[in-house]
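A.B. asks: From first to last, the protein sequence lines stand for chains A and B. Position one of the first sequence corresponds to residue 1 (this note's numbering), numbered consecutively onward. Position one of the second sequence corresponds to residue 1 (this note's numbering), numbered consecutively onward.
Don't read these hints as lab results, they were simulated from the structure. Ideal placement from N, C-alpha and C gives every residue a C-beta, glycine not left out. The reader is advised that the hints may include incorrect statements.
Taking CB as the label site, the calculated pair distances span [claimed, not checked]: (1) A:ASP29 / B:ASP210: 39 to 47 Å; (2) A:GLY27 / B:HIS193: 22 to 30 Å; (3) A:MET1 / B:ALA205: 53 to 61 Å; (4) B:ASP240 / A:PRO21: 37 to 45 Å.
A few chain A residues facing chain B, derived, Cβ under 7 Å [said to hold, decoys possible]: (5) ASN8; (6) GLY14; (7) GLU15; (8) VAL17; (9) LEU26; (10) ASP30; (11) ALA52; (12) PRO54.
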Amino acid sequence: MKVHVDMNLCQSHGECVAVAPDIFQLGDDDLLVWQEDVPDDRRADMQEAANACPMMAIRLED
Amino acid sequence: MRRLVIVGASLGGLRAAQSARTAGHDGGIVMVGRESHLPYTRPPLSKELLKGTQEIEDSALAVGELDVEWRLGVPATALDRERRRVHLADGTDVPYDRLIIATGCRARPWTGPGATLAGVHTLRDLEDAVALREALRSSGRLLIVGAGFIGCEVAASARELGLDVTLVDIAAHPLLPFGPELGERWAAMHRDHGVDLRLGVGIAALVGRDGRVSRAELTDGTTIEADAVLLALGSVLNTDWLAGSGLELNPGVVCDATLTTVADPDILAAGDVAAVPLALAAGAPTRVEHWTTAAEHGQLAGRNALLDPADRSAHTTPPYFWSDQYDAKIQALGCPALAERIELLEQTPEGDRWVAACVAGERMLGIVGVNAARRLPWYRRQLTSPPPLAQVRDELAADPKRLGAPAEASA
Ligand SMILES: Cc1cc2nc3c(=O)[nH]c(=O)nc-3n(C[C@H](O)[C@H](O)[C@H](O)COP(=O)(O)OP(=O)(O)OC[C@H]3O[C@@H](n4cnc5c(N)ncnc54)[C@H](O)[C@@H]3O)c2cc1C
Ligand code: SF4
């Protein structure tokens, strides 16, 4: 599956980082870096990250 | 369990319904909400929506294909635990097997002279934000009463829109929950952006012309001319409908760590209305009015409601809060409001990014940071229980990614 983050919306709250630190990280300068291709068995995690994002910036795609 | 009823159709309630479905609940879910809208997110109401950088549609929370029966625009008026029913304002009853309470808060009303004049606003719901946005577009002078988070955020938004803003608070500092030590920083930030900040004074009366507010009289005898007034005096709980239910309602709907009410294992609570034991508060039932806590509570309550009480899991994530004012992204973890003192931990040489510890005794209960988002994950790991401050300082000294050596940072 693919994980999209709309960087116009993301405000570096790091909630996704707390849910899945192996997929999402805050880089220097506070910007989010993340892994776009995620194995399907992480779907529940990714859904949790999307629900946790206060900016509703995370979108999942099959 | 056949029928799950959720009262309060906002963030906490929505996340509860979603997680109950994800966890496999195939019985009925009824969502009762006082507002006639589908769930939306509130933080933009004092920021992007007011400034016009986001529209009303952008604040909708994604509901998707969620299979629930919506009862919107009808508040719950009473809870009958014996007969397991929620009474609604339209005279109907909704029976439940398990119930989740997520009715949140509303703006604290002010009842002084002139409170009902046109042009006097409070801010909690979408309608409030739309009305305030209209007022900001047609006014030149805004008076904000209350320099808490909502008051300060609206002050920043209104300054960015070019209004003259007066911000008054009876307290000696803005953002008091973050402690007096940081108060000077917040005060300077607002003054530097042109806000007329008046501290240590309250409002005595609002005075109108033709039914519309035109000025305020303050407790120190001064008068402020204003075309619009925002009363941002904090919040009160939406628990009136639970009076007489036998649930414990002080300091909120009192729950154990699994969000189960102490009085009734079939009733759970989530979000702003729930008082849940917090490790950082020595286990005291604590209300947390933060977006992410409401989302986490909802998520957990939806899952726990399906289980027997013995199988339910506890909420352990430390509170997280943010506030955007001008170019400052303020973030907090833990329980700053319980701190006895504040100590600066790291700061860039320019002073534009920093993190301060909120300390009680020798332990850190939380942090407050400005423009330091990348440092948050590190502190989040420290704050599952209150760590000794000395240990935090030691580890920080060894962390090459800190914003500035602790020696360079002074409060
Ligand atoms: C203007 C504003 C800005 C904010 N900004 C931030 C921010 O920047 N960062 C942050 O962390 N938090 C922020 N918050 C706080 C955050 O929005 C709340 O913590 C969150 O909304 C709590 O969600 P909830 O579902 O518990 O309660 P609420 O969102 O308050 O929802 C409760 C719902 O229950 C309904 N209800 C009440 N009584 C009844 C009844 N008797 N029957 C049926 N329904 C009922 C209400 O109408 C409401 O829709 C802000 C809040 C506001 C108002
Ligand atoms: S939770 Fe949302 S806003 Fe926060 S870093 Fe992740 S994507 Fe960005």
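A.B. asks: Take the hints in turn and mark each one as holding or not.
C.D. replies: Verification of the supplied hints:
1. A:ASP29 / B:ASP210: 39 to 47 Å: violated, 53 Å
2. A:GLY27 / B:HIS193: 22 to 30 Å: holds, 29 Å
3. A:MET1 / B:ALA205: 53 to 61 Å: At 59 Å between Cβs, range holds.
4. B:ASP240 / A:PRO21: 37 to 45 Å: holds, 42 Å
5. ASN8: violated, 10 Å
6. GLY14: holds, 5 Å
7. GLU15: Since chain B brings a Cβ to about 6 Å from GLU15 (chain A), closer than 7 Å, the hint holds.
8. VAL17: This interface hint holds because 5 Å falls under the 7 Å limit.
9. LEU26: holds, 4 Å
10. ASP30: holds, 4 Å
11. ALA52: Status holds, d = 6 Å.
12. PRO54: holds, 5 Å
The structure fails hints 1, 5 (numbered hints given earlier, in ascending order).
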